[in-house]
Amino acid sequence: MSTEQASDKRQEKSGAYAGAVRWIENLSETQFAYLLLMPALLLLGVIAFWPLLSTFEMSLRADSLRGASQVGEFVGLQNYTDLLAGKLDTVALPQPFIDFSQPFKSALIVTFIFTIASVLVETIIGFGQALVLDQDFRGRRWVRVAIIIPWAVPIVIQGMIFYLMFQPGIGFGANLTEMIGLTSTPLANSSSALGIIILADIWKTTAFMALLILAGLQSIDRSLYDVAKVAGASKWQQFRMITLPLVLPTVLVALLFRTIAAMRVYGLIETVSGCTTVPSLSCLVVTTFSTRRYGTAAAVAFVTAAIIGIVVSIYIVKFRDSQGGF
Amino acid sequence: MGEVNLEHVSKRYEDVTAVDDMNLDIRDGEFVTLVGPSGCGKSTTLETIAGLTIPSDGTISIAGREVTKLPPKDRGIAMVFQNIALFPHMDVYDNISFGLRLRNYEKDEVDRRVENASEIVQLEGLLDRMPDEMSGGQRQRVAIARAIVREPDVFLMDEPLANLDAKLRVHMRTELQRLHKELDATIIYVTHDQAEAMTMSDRVAVINKGELQQFAPPLDCYNEPENLFVAGFIGSPSMNFVEGVVDSNGLQTPDYHVEFDTGQLNDVSVDDTLTMGVRPEDVYLVEDAGNVSNPTSRIDATTDVLEPMGDEIFVYILTGEGETVGMDAEADDAHQLLMSVNPDKDIDTDEDVEIVLDRERIHLFDTDTGDAIAHGLEFAPVEAGPTGTEAEGDD
Amino acid sequence: MGEVNLEHVSKRYEDVTAVDDMNLDIRDGEFVTLVGPSGCGKSTTLETIAGLTIPSDGTISIAGREVTKLPPKDRGIAMVFQNIALFPHMDVYDNISFGLRLRNYEKDEVDRRVENASEIVQLEGLLDRMPDEMSGGQRQRVAIARAIVREPDVFLMDEPLANLDAKLRVHMRTELQRLHKELDATIIYVTHDQAEAMTMSDRVAVINKGELQQFAPPLDCYNEPENLFVAGFIGSPSMNFVEGVVDSNGLQTPDYHVEFDTGQLNDVSVDDTLTMGVRPEDVYLVEDAGNVSNPTSRIDATTDVLEPMGDEIFVYILTGEGETVGMDAEADDAHQLLMSVNPDKDIDTDEDVEIVLDRERIHLFDTDTGDAIAHGLEFAPVEAGPTGTEAEGDD
Amino acid sequence: TGRGSSTNPNVVQWAADDDVRTNKDAIETALHEAGLDENIRLEVLAGNEQTGARQSQYQRWLSANLEEPDLLLVDSGWAIPFIARRQLLNLSDNMASEALNKVNNDYFQGSVTTGKSTDGDLYAIPLFSDFGTIQYRKDLVRQSGFNPDQENWATEGISWKKFSRVTKKVLQDNQNIDYGFTFQASNYEGLSCCDFNEFMTSWGGTYFGSVDNLLGPVGERPVTLDSQNVIDSIKMIRTFIHGNNAPNTLNDFEGGIAPRAVLSWIEETSRAPFSNGNAVMHRNWPYSININGAPKSEGGFGEDLGVMPIPYGVKKGQVNKQGLGGVASALGGWNVAINPNTKKQDKALQVLEAMTSESFKLKLFEIIGWIPPEPDLLETQRARDVPIMGRYVDTLKVAGQNALPRPVSVVWPQESGKISQSVFAAYAGDQSPQQAMSTLNSQITEIEEYNK
Amino acid sequence: MAQTEQTQTDGRQQAETTQGPFQRWVQGSIQDPERTYQAMFYVVTIFFLFTTLFPFYWLLVLALTPRESIINVWFLPKGFNPGVFIEIFEQLPFHLYMFNSFVLALVTTAIVLVLASLAGYVFGRLSFPGRGALMLLILAISYFPPAAFLLPLFRLFTGNVEIFGLSSPMLYNTPGAMVLPFSALFMPLSIFILTTFYGQIPDGLEDAARIEGTTRLGALFRVIIPLSAPGVATAGVLTFISVYNEFFFSFLMTNGEVQNWAPLLWGILGYQGQYAEFYNLMAAASIVGVLPIAILVVIAQEKIVSGLTAGALKE
Ligand SMILES: Nc1ncnc2c1ncn2[C@@H]1O[C@H](COP(=O)(O)OP(=O)(O)OP(=O)(O)O)[C@@H](O)[C@H]1O
Ligand SMILES: Nc1ncnc2c1ncn2[C@@H]1O[C@H](COP(=O)(O)OP(=O)(O)OP(=O)(O)O)[C@@H](O)[C@H]1O
Ligand SMILES: [Mg+2]
Ligand SMILES: [Mg+2]
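Protein chains in written order, with this note's numbering: chain W, 1 to 326; chain P, 1001 to 1395; chain F, 2001 to 2395; chain C, 3001 to 3452; chain D, 4001 to 4315.
Just to be clear, a hint being listed does not mean it is correct.
Claimed, not checked - According to the in silico footprint, chain D covers these stretches of chain F (three or more CB under 8 Å from chain D):
| id | region |
| --- | --- |
| 1 | 2073-2081 |
| 2 | 2098-2105 |
Said to hold, decoys possible - Heads up, simulated DSSO-like pairs for lysine-lysine below, C-alpha to C-alpha not over 30 Å straight-line:
| id | chain 1 | residue 1 | chain 2 | residue 2 |
| --- | --- | --- | --- | --- |
| 3 | F | Lys2069 | P | Lys1167 |
| 4 | C | Lys3024 | C | Lys3102 |
| 5 | F | Lys2345 | P | Lys1167 |
| 6 | W | Lys235 | P | Lys1107 |
| 7 | W | Lys105 | C | Lys3296 |
| 8 | C | Lys3102 | D | Lys4078 |
| 9 | P | Lys1167 | F | Lys2107 |
| 10 | P | Lys1167 | P | Lys1181 |
| 11 | P | Lys1069 | W | Lys235 |
| 12 | C | Lys3162 | C | Lys3315 |
| 13 | C | Lys3343 | C | Lys3102 |
| 14 | P | Lys1345 | F | Lys2209 |
| 15 | C | Lys3161 | C | Lys3138 |
| 16 | P | Lys1181 | F | Lys2209 |
| 17 | F | Lys2167 | P | Lys1209 |
| 18 | C | Lys3161 | D | Lys4078 |
| 19 | P | Lys1107 | P | Lys1181 |
| 20 | P | Lys1209 | W | Lys318 |
| 21 | P | Lys1209 | P | Lys1069 |
| 22 | C | Lys3169 | C | Lys3138 |
| 23 | C | Lys3138 | D | Lys4078 |
| 24 | F | Lys2181 | P | Lys1345 |
| 25 | P | Lys1345 | P | Lys1167 |
| 26 | C | Lys3316 | C | Lys3168 |
| 27 | F | Lys2107 | P | Lys1345 |
| 28 | C | Lys3343 | C | Lys3138 |
| 29 | C | Lys3316 | W | Lys87 |
| 30 | C | Lys3343 | C | Lys3169 |
| 31 | W | Lys235 | W | Lys318 |
Stated by the list, open to error - Label-pair restraints from in silico Cβ distances:
| id | chain 1 | residue 1 | chain 2 | residue 2 | range |
| --- | --- | --- | --- | --- | --- |
| 32 | C | Asp3430 | W | Phe56 | 47 to 53 Å |
| 33 | F | Asp2128 | P | Glu1115 | 44 to 50 Å |
| 34 | F | Glu2124 | P | Asp1025 | 34 to 40 Å |
Honestly, the hints are just simulated from the structure, not real lab data.
Virtual Cβ for every residue (Gly too), placed ideally from N, Cα, C.
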């Protein structure tokens, strides 16, 4: 003990540092929590929250197409009400926000179709891939790279691959769709183009799911499987009763973020079919911004966020109990 | 139904042989305890029986069927794990009922069995707790209940009572014995607790460095240990060992001479070095030796450390010139004896005492091989001495 | 330097009070053991001392300094955890030296200390193993070594020997005692092992349901338990309890009468219901009672179950009409006594025997409050009887 | 380096494109030869090649009042909104009058209007012009018995009817060729600004009543998308794609001469089959003439490549309104403007003035193939001597003179999207031409009204 | 462990019998369902490999096909032009764009991992008032399309925002203008991943570390983070890759000059003309650009994860 104290003294040479450490250690749990959150909150405050507030302010103003200033006079929530009432569908938006008569042209509907289809398939396949990668077998590292690597492909390239593949006269994809009795110009048709975009997204983004779920799988205490094996659990039962519930928090995080990201899909659409053929909510935001309707665009951005927020709330309410961390 | 047979089972890791040519023949319904020092391969043996580890060599059969490579679930066993391993995401009820729900038991039946098991382990009020809200002992009880509900033919238990307090341990011990009887199940049990090993088991398997040392009923191991290792391992506190040299009428240790009839021993000749073993309760103060039918001659000694235990006192005594009991006990072995006396005995440290040993309870071992030579010695100056225990009598 | 004081410490979880108004006054260099049933709050108490749990109420001081809210690292303590808690990503060497490396000890010093500590716990060859390549006992030894190397003023140990085999346990026990002496450190020790509690501690704190029951030297707890709980908890096997009604010259139990001088007891009057407690070793067969100075009158009984333990035999005997010892022992309490006899005693089940109790070792408790009324009884038909232990004498 | 402003006061930063950057040294020399002060040097930013992205980029730069780049290469397709917002330097106020006059008088008028404000001030001078033309396989056409040279297709153009017959015949004569006419009909900006605009105009239709109204004023011009001429142009394209048997087609045209694939093609995707010898006719910008007209040894068609103006549906003058009918080329090309925040306005102006010199424009034509925005220059020997492109200057001149300014206004992005969607739907057959155009007409009217 | 051994012994058994191979297999799988699992396992693995790798193969086909022959490309290159992999470097300093991307991604990943670790620790292991609300607030950032941040951020980074009378720093064309938004945008995901992983580490290990003398933060960095290595590695890899391929701010926060920290995206777009698109060059560049990520994945996933978590989470 005398030695320990001696060496503690040795440490004390950097007095200010030691003082800071002591101060931190003596903080209450709440103070400590906020102290650690400070850097992240600071960064997010300046780089995320402030711009969003500023954009929100923009959304309360009229568009200004002609003047040098970016936005016009203050109009309150009119941009929002007009948008939701469908008044802007023709005159200010490139595509209708929601129009049931042409579902594949409505940003909201297209976004939902894309999100549900891609996230669902990605989760299932990603889970399968993670399970494969969790096994020990020769060459696992290469299979792992192969499975993860699509995630590393830049969106421009991902888009280009599928664009060219299904471009009649260039790739073979159009011939395939024609052979199976679909259209010969799959990219020119809203529904088939959406299908191709979903396919492209699944190809690339399943890796994200697989990677996260794999990490979750690897954190499971292996001895639990021993217990289950002895208790008589078949492989499937081990999966259902141990693996699944224990990776569920991870899967939920993955699912949550995939859903959010899918609902904001833009770059892929732009490169594969263009936003006119397959309009998503983000397409709407970007195109509206680029036509310099800043007020309207900001409102669309916030409505998009609100819709995503609603979807997320449904997730959170549904899975509150499963240790997701809220 | 529940016989378990291990034939030449070995398990090697890269640099360790955890289990070495193990042969065990466990009868249906038997309660067998595996004991041995830490790291001797008890858990590994259990795991090979459970099917969690595939042995490097040898075969395992359960109920007459070879199961060496069968998955655990097809072996009809239940197991309590040394590291407890509760499912962190399930409450106590779900943990306990896990195996039953796997087999689609009806809700009522599951409830009934869980209730029953949780009563046995005294967990009644805690069924909806999560594992991380419980004390160490409570968790261990959940682990036991999880095995109990299954009512299999063979139970494997790896130190199931390690974290329980004495009272609960005794209770659980009785419960397990009752279960054993009621279910008529085979139980293979790993423990560090001598009392458990002694009271519960039909037979004890003493293991050292992966090798089976003795497999016999507990009292046999206690009274007739087959070798030095078993003798030293079974019994707490441990048996006293003193090395000596055989002479014509007994054994000469550094400090004293123990007379006995050397003729009774086969394969032993004068000048051989033997190790004598005697348990603390077989060392007597001369004044207490009234009941001992065949005591050795008196040995002068001094008391050293006293350890009062409540129901007895352990007295470390020094024979001959030995200093105070050092920490590296080995070196002092020859000069030191541990003796147990009555708690109301009026005894003090550094007192000069005279002691005798109960000659019928003295063990002799070959110092080199460690093998037992005799349990209980005879001393009859006249050749015709029909009294006393038969030496070498292993019955 | 190493005094530890707990004043009115409580810890409440939502629905459980794990520690309830605990007061402990631990002297510098003392070896204190916490015992109590599973879930009684031992670990929680230790955690509040360590600083891992902030008590809901009360204050804690170490070495005279209030530390109630100080972080663990500034309390000058080392701790061995009940769940072992080795760092799975470090090998044994790194686990042991973790605390030293944190404090920037020189490499040589670290090596020296690790070597030393690993010798003490007999881990020499295993320094580069990972935790999952070791047996349960080996892991526990690493955990102990991790605390030892730090050489702090106060050691907290939560069942450090739970997974060790008997022999190693005895060895470790001696080692810890030696360390205790050498380092002159305060040790606060949680155990389920009676022998550990009895042999190692200067004082034992008996806890039940979060409340301190008795805090006294081990033999005091054994010989003069302050209440029924302590009496039943300390000692293995447990004390026999029989309820009875006070009459003019003793206590009438359902099956027999124990005479004693009721006048010696304060606050007790005829027709009060008391609980008599007597330990198994204080129950004697009449023929063995020669040494007992003050036996009760003879009680007719029948032997029931026998548990031979090697160095003694536990005999369950039935007084009066009681049936075979049932599993729900409580109901049979009144008719049943546990007796310990010599292992060479020739005794059988279902034998009719006569027994006596050592009157000087009988305890009386208030059945309702559980408080002790007397330890050791007097019986002198004549009023002037100066012999025998003073009742109520707690010295 | 290039963030605040360049440390060297004599270096003018020009946001241009990769071609300019690659040829920076030659361009600098050409400018100096054209009289620019030798001390003034260029630094070229390649910027983004996607015109929409470039537009947004400039938008951000100018809104953020960045001092650099000093010079901006702006697409004639979207210069006007910047001018409307006064985000570019007014050249009429600042540039030497000699240079101003040259631009105003000698340049292709279609090009110049894309750099002017509504009140006639010049903000951006054309650097080069682009016109849509038809490229064709002269060798195959000849083999099938036509005489493009004698009939002067190169300068006079042909009618769509003849065009369809020629294509069909060549297709029938060459079984190994899959496609007849490849062009761009994907649902994108290029359809509304250019392909459809050309087809429609060649049939005598137009967006807003007359060519003069293309640039505005918003809300005060008629919307004439439901006129029969427009619908006929759609029917013609439908005939090309779907054949004569499909509904809403024209019977007296040869049908089935364009693959359905045009519906998903843009410039490069439609060019690929033609360049590979798998198509007869191809509509595109001059950049592709350079590729396709390359010598055979380099994979091109060499002299076998023919170029002609976009065919006409009705002859000029057959329709009442001025400027409609006849050959019509969509106008592309890029202008140069000055960042009003620049610290080097003088030097930037000097560079701009040097750019108006004939030698510089011809030099650009030589090194990059950028067509001088001045008809007279195309007739010079120096222009004719340019490899590949020099062979086609006559056609280019005709196209330039019949160029349709892009219908750019502040609401054009809005309208463009609607137009391309409806036209695409009509071409593809999702909607009948009448229906599609009447919907579109009311949508465009609505947009015009809303943004008056 | 047990599994692999089992397959080995299976193999031995198989060699001993002398039936027809298929019969043997069928019989073997009836006796030993493990083997059926094995077979299924390989089928599934091969399927996954095929589906993920096919587009890459096609990318390679595209790259090797000379530009003028990119027409009706099926499964084999039309022509063979390996020179394309040299050409991409001749046209542009592609390696420098990659280098920029690498630096940006590394810096961002470092920032994100540190800040998100702190936040993940707080959210995963501490309970304090406002926890849920703060998590939702941070999550809410990711609801917004990046475009929603752009205009204010651009003004901020070009010195057009006044803070306390000072104009904001001119970050445009510097790494800061990209790293900051990347960090803010990718941080929520990492915070959530790490929250989940840190929350699962048994309390006992943190307790042990603190007793041994670490501070709360020390325990985080010495025990919790190493034990969550799969999670940290995953968060790191995801962030790195996301930044490496980021589409929006990479494009807008620099003018595209390689010396102004223009990232990979600009390199790839550099092969695009106004009309002409050099698909073969873009494809080759993509393959080259993806290679470092492949290496990273090998290193990060194999070394970090398996190296540090040999024992998973045993107590
Ligand atoms: N996080 C928690 N939430 C609720 N109850 C808890 C929590 N932790 C401990 N407890 C309860 O507090 C009581 C005391 O627990 P503690 O761990 O101190 O017991 P213990 O005396 O160490 O028992 P054991 O000997 O079994 O280890 C137990 O009843 C336990 O269930
Ligand atoms: N995965 C492994 N790799 C290497 N050695 C191992 C491994 N698992 C166990 N061992 C070694 O095998 C030996 C036997 O281990 P086992 O767990 O069977 O011991 P045990 O008898 O159960 O001990 P304890 O009583 O301490 O639990 C030990 O020395 C241990 O270190
Ligand atoms: Mg073990
Ligand atoms: Mg505990």
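Hint by hint, here is what the structure shows:
A count of 5 residues in the region 2073-2081 of chain F with a Cβ less than 8 Å from any Cβ of chain D is obtained; the coverage claim is therefore met, three being the minimum. Closer than 8 Å: that is the beta-carbon criterion, and the region 2098-2105 of chain F has 4 residues meeting it against chain D, so the requirement of 3 holds. At most 30 Å may separate the alpha-carbon atoms for a hinted pair to count; F/Lys2069 and P/Lys1167 exceed this at roughly 35 Å. Restraint check: the Cα-Cα separation between C/Lys3024 and C/Lys3102 comes to about 25 Å, which is no more than 30 Å; the hinted pair holds.
For the hint pairing F/Lys2345 with P/Lys1167, the CA-to-CA distance comes to about 26 Å; that is within 30 Å, so the pair holds. Proposed proximity of W/Lys235 and P/Lys1107 is supported: the alpha carbons are some 23 Å apart, at most 30 Å. For the hint pairing W/Lys105 with C/Lys3296, the CA-to-CA distance comes to about 45 Å; that exceeds 30 Å, so the pair is violated. This hinted pair does not check out: C/Lys3102 and D/Lys4078 have alpha carbons roughly 50 Å apart, beyond 30 Å.
A C-alpha spacing of about 46 Å is found between P/Lys1167 and F/Lys2107, which places the hinted pair above 30 Å, so the restraint is violated. A distance of roughly 21 Å separates the Cα atoms of P/Lys1167 and P/Lys1181; the hinted pair therefore holds under the 30 Å criterion. Of the pairs offered as hints, the one joining P/Lys1069 and W/Lys235 holds, with about 16 Å between alpha carbons and a cut-off of 30 Å not exceeded. Taken as a hint, the C/Lys3162 and C/Lys3315 pair is honoured in the structure, with Cα atoms around 13 Å apart against an allowance of 30 Å.
For the hint pairing C/Lys3343 with C/Lys3102, the CA-to-CA distance comes to about 26 Å; that is within 30 Å, so the pair holds. A hinted pair counts as satisfied when its Cα atoms are at most 30 Å apart, and P/Lys1345 with F/Lys2209 does not qualify at roughly 36 Å. Distance hint between C/Lys3161 and C/Lys3138 is fulfilled; the C-alpha atoms sit about 18 Å from each other, no more than 30 Å. Distance hint between P/Lys1181 and F/Lys2209 is unfulfilled; the C-alpha atoms sit about 33 Å from each other, more than 30 Å.
Our distance criterion of 30 Å between C-alpha atoms is met by F/Lys2167 and P/Lys1209, whose separation comes to about 15 Å. Of the pairs offered as hints, the one joining C/Lys3161 and D/Lys4078 is violated, with about 37 Å between alpha carbons and a cut-off of 30 Å exceeded. Of the supplied pair hints, the one linking P/Lys1107 and P/Lys1181 holds, its CA atoms being roughly 27 Å apart against a limit of 30 Å. Taking the CA atoms of P/Lys1209 and W/Lys318, the gap is near 54 Å; set against the 30 Å cutoff, the hint is violated.
For the hint linking P/Lys1209 to P/Lys1069, the alpha-carbon distance of about 24 Å falls within 30 Å, and the restraint holds. A C-alpha spacing of about 13 Å is found between C/Lys3169 and C/Lys3138, which places the hinted pair at or below 30 Å, so the restraint holds. Our distance criterion of 30 Å between C-alpha atoms is met by C/Lys3138 and D/Lys4078, whose separation comes to about 26 Å. Distance check on the hinted pair: F/Lys2181 and P/Lys1345 sit about 27 Å apart at the alpha-carbon level, within 30 Å; holds.
For the suggested pair P/Lys1345 and P/Lys1167, the alpha carbons sit about 27 Å apart, so the restraint of at most 30 Å is met. For the hint linking C/Lys3316 to C/Lys3168, the alpha-carbon distance of about 25 Å falls within 30 Å, and the restraint holds. Straight-line distance between C-alpha atoms of F/Lys2107 and P/Lys1345 comes to about 52 Å, which puts the hinted pair past the 30 Å bound. Proposed proximity of C/Lys3343 and C/Lys3138 is contradicted: the alpha carbons are some 53 Å apart, above 30 Å.
The hinted pair formed by C/Lys3316 and W/Lys87 fails the criterion: a straight-line CA distance of about 41 Å is larger than 30 Å. For the given pair, C/Lys3343 sits about 61 Å from C/Lys3169 by alpha-carbon distance, which is inconsistent with the 30 Å threshold. In summary, the hint linking W/Lys235 to W/Lys318 is supported, as the alpha carbons are separated by about 28 Å, within the 30 Å threshold. The beta-carbon spacing between C/Asp3430 and W/Phe56, approximately 38 Å, falls outside the hinted interval of 47 to 53 Å.
Between F/Asp2128 and P/Glu1115 the CB atoms are about 48 Å apart, so this pair conforms to the stated range of 44 to 50 Å. Checked against the hint of 34 to 40 Å, the pair F/Glu2124 and P/Asp1025 passes, with Cβ atoms roughly 36 Å apart.
In the structure shown, a violation is registered for the earlier hints numbered 3, 7, 8, 9, 14, 16, 18, 20, 27, 28, 29, 30 and 32, in ascending order.
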